[in-house]
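Protein chains in written order, with my numbering: chain A, 1 to 452; chain B, 1 to 473; chain C, 1 to 396.
Because the hints were derived from the structure by calculation, they are not lab data.
All C-beta atoms, glycine included, are put in the ideal place defined by N, C-alpha and C.
Among the clues, some could well be false.
[As the list claims (entries may be wrong)] Interface residues of chain C toward chain A, partial, derived using beta-carbon atoms under 10 Å: (1) 64; (2) 187; (3) 194; (4) 231; (5) 300; (6) 301; (7) 339; (8) 343.
[Said to hold, decoys possible] From chain C, some residues computed to sit far from chain B (all C-beta separations above 12 Å): (9) 8; (10) 28; (11) 88; (12) 113; (13) 126; (14) 289; (15) 349.
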Amino acid sequence: MSPYDETVVAVANRVVDEAIAAALGASEQEAVVGVAPAGGGKSYAIGTAVRAARDLDLRVAVATPTNEQAFALVSGIAERLTDETVTFVPASTVTLPTEHRRPNTVEREARNTGADSILVGTLSKLGDAFGRGSLRPVDLLLVDEAYQANAVHYYMVGDLAPRHLLMGDSGQLAPFTTAPAADRWRGLDEDPLLTAVEVLLRNHPDSAEFRLPISRRLDPRAIPVARTFYPGHEFAAAVKPGVRELVLAGATGPRENRFLDAVLDHAAPSGWAHLELPESAVLTADPEAIETIVALVRRLFERKPRVRCERHRSWGELRSDQVAVAVSHNDQKALLRMALDDAGFQNVVVNTANKLQGLTFEVVLAWHPLAGLLEVDDFHIDPGRLCVMLTRHRQACIVVGRAADRELVNGIPPATPSYVGWDSNPGLEGWYAHESVFAALEAHRIAMGSSV
Amino acid sequence: MSYLWAAQVAEARRAGCAQRSALLRHRYLTERPLGMVMWQLGAEPFTAAAVAWGFGPEQREIAVPGEPRDRELSFRALTGVARSFNAWFEGATGRDQPPQIVIPNRGNLRLLDRLGRRLAYLPTDGETPADPELVRFGIHLRFLAERVLYPGQQLVVALTELLSTHWITELSELEGQSLPALDAAIDPPEHLTAHEAARSAEGVEIGPLPSREDDERVDPLVAAFNRRRGRRAEESVVAPLRSEIEQHYLQLVDRGWVLLWRCLARERAYHEAPGVARRWQEDVDALERHLDWVNEGGRYRTRHTHARAARTMRRWEDAQRLLEAEEAIDDPLRMIPALLANDAVQGRVVDVDLAHREQGPKRSVRRPLVTLACEERCLMPIGKQLWWTGTPAAKHYTVLTVVPAGAAWHVTLRHETSYAHPRPEVGEDVTFSIHHTSASLPIMLPDNPPWTHRKQEVAMDAIEEGQDARGWE
Amino acid sequence: MANGDSDAKAVRLRALAADARERRPDVRALARFAANAECNMASLGFAARVDFDRLLEKTTFEVPFGQSPFAFRRGKTFEERLREDGYAPVFTLLREQLGYDVGGARAVNLRKGFQLSREGMEKRAAATEEHVRRIVAGASDAPNLLDGAVFARDIAGFRAFFEADAVAAQFGKPIHTGEVKSFPTVDGQADPEKVGAAMSQAAMYVLLLRELVERVGGDRELASPEALLITPRNTGLQPTMTVKPLRREIDRAGRILLAAPSARDIVDSLPDGLPTFGTIANLRRDEVERIDALTELVDRVGTSYRPECLASCGMAKFCRERTQACGAPSRVGGNLLRLLPGIDSLDRAAKLAEGATPADDETPVAEQLARAARLRSKVAPVRTLDDKRHRMRATS
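Okay, chain A solo, but in the shape it has when bound:
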């Protein structure tokens, strides 16, 4: 019995194949967009596209925003295409880490890649090399994380190939800048902060778009919450219900653990828990939240968690490096890191949503962006941040917040600025996304008594 919902998988594979066929069969100066929800298998699809392109003897370049993403693509593609050589084109300060090297991977400077058929690098590096004339154009350009790439990244590689396939996750964090006048060009064609997909569709509105109707990372229990971030985009989990399991040893020990146990005992079977600390005015790096999160991690491991899934059919111990805590701010991260290290959990990952994009864990603890806030602002209401936090997990996600959080998105949404020529309204969309998520988590809410 397959652990996968074969219908879902078959439909998704077909969509991927259609997208790839469209890209390969496109006329010159045409691009195809593949939109995947979180964990939709974009990078896998990219690998499939490389295979299909190589079967036609086409030269292919794969570009992505960050180095880490590039490394993962190099090893991923090399493992699948053992008969091909995958060339990594590094920036001057970077080298391919050992764990991503394979027998069929090489690392070369751009100007030496003229004879190579599969080039992988960051958008910056490939774009820079191409701009200097060190890189020969290829037949097909594949862009991964195309909603994270900005218009400038894409500009640099645009002419690298006459046909493109862009794959991206529309729910995650959008490009941003640290420059003060960030909205100087908003609404205009030349806005550097448009995503690669947006800039393509503005100029080539007839480009074919394919929506992948699948998530391979999320299981059926996670879909109802994840759906919030992809309005108009239907998708289902690849894996069947019940295949992913997290079990905990029976709860014993002091009464103090009762609340944490209730949370864990709810999260394990249902995939979600929303731990609500009592309403309180707190600062960003709230010590009580930190304490609670550390206590939750400790209690989780005290109860000897075991997991199994479609990849590991027999039970295995949940390792601490398979658990991550997602936060919004660096000071939250620093203090949590210290507290977890002090408690002996050096391998539990702690990071901001920005840094967790693209990663997968078995269990995630999400420190709700609105936790303890007195009012909402653009940063915290950003739907991308919440989306990343709530779509990293394969087994369970425990959201930690405070009782008054949901009131922040009750009632009337705030007035928001609006831009001529730009139809998105992230402030308003974020507000509605947060409201939806609170509603979806209602069934999983477990409130701590106010006697703490």
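Got chain A; can you put chains B and C on it based on the hints?
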């Protein structure tokens, strides 16, 4: 905003007067900048009811069109401004330093921006040619409007911003847009607290947006002016009829004129930060490129290309990073937020090991170690990259260990280079922070957009056509 | 909620309003209500339809109000331009961007020929409904453009009128709502705050239009979720039009309408014998009397001051003074509230900064404040009024 800010706001309240948020002055101020104060007519965006300019509190010229919505009158008044401005700005007369403009608030900035937009694209031939001086003035204003967005720039100084970035008050950001209120909070008159003084000063509107009362007063004057002149616009006809309107605006301008210079003088008294010099040089270089461009007949398009927008954003990001870094390195008060956020560590040097070696990939390399004793518990993660404020453009140091040592904490940092940079000395009080001043590499962008960024049909907006010459009335 | 309750509320609200200047309930009043929904006084004022802009006239707390006559005229001039040649500029825009076939297009100006009274507005609303009925029915003589369409609706117990600048229709196309504004769109961009406010307004009109369409037997979806914004283009007065999809904004407008009645609920918790807005607004009374009356009312009802109030509420200066007096961080705004959770007053913050013993829940904040103050004191002393005066004497 940091806890330093919160603590200082509380202090400002208790002391009843504003607190400095910087020990030094982080903007260059020339000896003889040009002050400008303007007034609008209602919400009329692209014209000015009055423009005053001059080089000191005692000297001020003013141009008042009378009926700013009349193209001829408006342009004639603005041409008067343009002649003086251009001569000075371009260096033809009376300046021994690069030009700097000081204005009271951002509203004046926005009005200058809009005037530039209106004037820079006027046709200088054809049916209704505009005076080339006026067009050149517009082009200079276009350059300045863009430059104003550059973090740390000093070509145009808005006093409300100069004050807001150097003083902390109880005023909200909105209230801080009133120069009289800010000024009062910084230097309350005898017997008043900052709040009381600001409250009474904020009622004084210094422009460019007039209050309803101001405009209700000038409304009948303008109506009478228009009636008396009929449809005539010749200077000989309108000049004698305009004096009441001129008086009205002189009064309005004078509300803010002396205040502008007083606020400037107060800031001038503070010592200039060392980092200011580099940034001023950047401003001057940009200015000179602009003047050369204009001299060669160059103009600015109304829209940016993709490449220009991208390069500009990258330059702004860099400038912002450098500004924050230089201010923090120059000014201990500005470094405190980094210390509070665990992005900086301060302490006394207890050990320096210049000879320390580490094994590199090929051979052993020299990597000097510096150890600090810190009073506070250092929460730095191991591996964090920091720069010594003494060598902010050099390679970074890495945090190696953080260990308790008696009442203090010892932090050992490793310099990731063997180059003979200056290093801290034992006994010195030093700061290491995330602030560094190495320049970023410029991005290489092809000037021609790739096919992905080009629409299937028509290309770029060309230089704007001339405006429709229809007057208002 | 039984009718009897509503009447009781209405009676009490009318009594509280007394003879204070009335604030016409329109889209701007609703926008203010939405912006200040957290503030009990604002909600009460909205429910009682009291004009806060003039409430404190001739007191030390009066705020400037009203538009410059020139600003008003610029708006009118632009609108008049749009009406030239039988609304030719508007029809051109509709043709160019929405594919309207403008041969024989008809416009109706609903601003002309009606009185400027409540009765007049009711008639305009009725006329609007009639035109929309014909549009929905596909009548051949249905107009293609309504200038000054009015939607009448009961909101929180009173009759409110909403005036949309433009409603554009053509058989076979969705009905579009439009707003005309006189701020310019320059080189493809317009002030985002102003555009946002205009779109909020437009969203409300789309909602009301949908209700009307349904009422006259049509499908709500006939009213397009895309709104039109017409502004001057660049530096002249030629118009340009932007078409904007407003799905979330329309939902927001619906929530505002749903929430509006709840503004009246405040009145239930108020005791009898409170000072009225009439007293407070009364120019013939002594300022001290008026302010005392307001203070008594505010003490009972409560306010929620933020610096943003200064841009939108006639009571802002009064509330600011109260907030200033008790030293609440909300007086300063910005991030301060987030930095000082649970700290009611900056005075307390100052004490904690200099090392006072914090209560348990104050400890995390106190640590941060004290640390900041300690670092600062190593670098510079606190500036006092005395220092300032010494320096002034030294330099003069």
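Going back to the hint list, which numbers does this structure go against?
-> As far as the earlier hints go, 1, 5, 6, 15 are violated by this structure, in ascending order.
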